[in-house]
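J.: Could you put the whole structure together from the sequences, leaning on the hints where they help?
2 protein chains.
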Amino acid sequence: MKKKVIKNKLVELNPNVSVDCVIFGFDFEKLNVLLIDRGTTLGIPLALPGNLIYNSENLDEAASRVLEELAGLKNIYLEQIGAFGDPLRITKITDQEWLKAMRAEPSARVITVAYFSLVKMSDYVPQASSFAKNASWVSVQEISELAFDHLEILNTAKESLKQKIRRQPIGFNLLPEKFTLSQLHRLYESILEKPLDKRNFRRKIQKLDIIESLKEKQKGVPHKPSQLFKFNKEKYELLTKIGFDNFGF
Amino acid sequence: MKKKVIKNKLVELNPNVSVDCVIFGFDFEKLNVLLIDRGTTLGIPLALPGNLIYNSENLDEAASRVLEELAGLKNIYLEQIGAFGDPLRITKITDQEWLKAMRAEPSARVITVAYFSLVKMSDYVPQASSFAKNASWVSVQEISELAFDHLEILNTAKESLKQKIRRQPIGFNLLPEKFTLSQLHRLYESILEKPLDKRNFRRKIQKLDIIESLKEKQKGVPHKPSQLFKFNKEKYELLTKIGFDNFGF
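From first to last, the protein sequence lines stand for chains A and B.
End of the first sequence sits at 249 in the numbering used here; the numbers just go up one at a time, nothing left out.
End of the second sequence sits at 249 in the numbering used here; the numbers just go up one at a time, nothing left out.
Just to be clear, a hint being listed does not mean it is correct.
Said to hold, decoys possible - Result set (SDA-like, lysine to any residue): computed pairs, CA atoms no more than 25 Å apart in a straight line:
1) A:Lys-194 <-> A:Gln-168
2) B:Lys-241 <-> A:Leu-192
3) A:Lys-158 <-> B:Leu-78
4) A:Lys-230 <-> A:His-185
5) A:Lys-162 <-> B:Leu-239
6) B:Lys-164 <-> A:Leu-239
7) B:Lys-194 <-> A:Arg-167
8) A:Lys-164 <-> B:Tyr-236
9) A:Lys-74 <-> A:Ser-122
Everything labelled a hint here was simulated from the structure, so no lab data went into it.
T.: Okay, structure coming up:
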């Protein structure tokens, strides 16, 4: 009995604060985001993985837990992008129908704290559970509507990623350990949403000396195999130490 | 009677979400932050201006309202720096004593959303009201403790400002319209918390061509009057259009 009380206390949900996560992945062609399908006929089924926080956990912990619960994603680095608090953000009729079916206090005002992260698509197979009936990668370009204010959150996260990749080589978190220059080039184009001159791009990257070519080429590709490269973290850290933080894209 | 009900509804406080504002000012010598003195013998009296949000307003509106209510500061640009949600952030005994005297639900968990802004000290005289017994500029370097987690919030805001001034000439918001190169130099040193070689600094700034010299010198100063400059916004906007966003400091 005592145990149950403790457990009840531990799992007390905070009806006023949620977390939502924008998880980006790259499939060598385009930028994707992890969405859950709530399998509902009420309103828009697709949403960012997110839920109310527990009163016993901090915001970062809540984001990690929710991602694991809804999409089986564990131990990833999450970065907060800010709070979203429009008083009307959960009041659309279609969202309210879903909330009434799911939550103890469906009309309580909810402020959400948004996170973003970069995941190697090859390392993670989406697994849905809890109220998520499905979890999958969806091309960012194909998303025109989402539940609640999640489209606004996604757009803010895209902007953060754009700004960030111009300063830090975080794109390497979206690629496998070994990659071709074409793949790296296409990744930057997808994130920056603009074409980048291939020769200029290669020159800039190679001048910075933060990638190194491997004595290895692609295998099993239908075209002439390309040279493989890997990221040189030591070189990059050396650059950041001297204050370098602009890739010039 | 009806009116009162409506009014009560409009002024309903959300016991779970607050806003806190880090307002920076520069006195030609050092960086300052606007603090309120809650005039309490309970706990640490100094705090960032902040309070619970109303359920009818969004987060930005709440931040503007709270600043005006506590410190008489109106119509300033505020930028969100993120949410702070440690479950223990308001539970220190000294803070709890103050909350018990002030709030209807002193033990409710409060997540706070922090903002920062830059204000010209010459344009604003702090005026305390509401529960603020005093509002004043305090040198950032002299602050070693604040109520709640406000020291952590202040440190995050300082870091944001540091990052930002390296990319955008936002420092001009802290200076009067006309300023000397020495004042600008000292401002950058205060924000970046490191000495900057004076000649290098001047060369960089002048090379960027974003300030222009006026046909005017300082008046009424006890030393040889220095040349006055003003910020050239058009030139800066031209630079940002071509993607320039690194001042190299």
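J.: It remains to establish, for every hint, whether it holds in the given structure.
T.: Tested hints:
no. : hint                    : result
1   : A:Lys-194 <-> A:Gln-168 : holds, 18 Å
2   : B:Lys-241 <-> A:Leu-192 : holds, 16 Å
3   : A:Lys-158 <-> B:Leu-78  : holds, 22 Å
4   : A:Lys-230 <-> A:His-185 : holds, 14 Å
5   : A:Lys-162 <-> B:Leu-239 : holds, 19 Å
6   : B:Lys-164 <-> A:Leu-239 : holds, 19 Å
7   : B:Lys-194 <-> A:Arg-167 : holds, 22 Å
8   : A:Lys-164 <-> B:Tyr-236 : holds, 21 Å
9   : A:Lys-74 <-> A:Ser-122  : holds, 14 Å
Violated hints are absent here; each numbered hint is respected by the structure.
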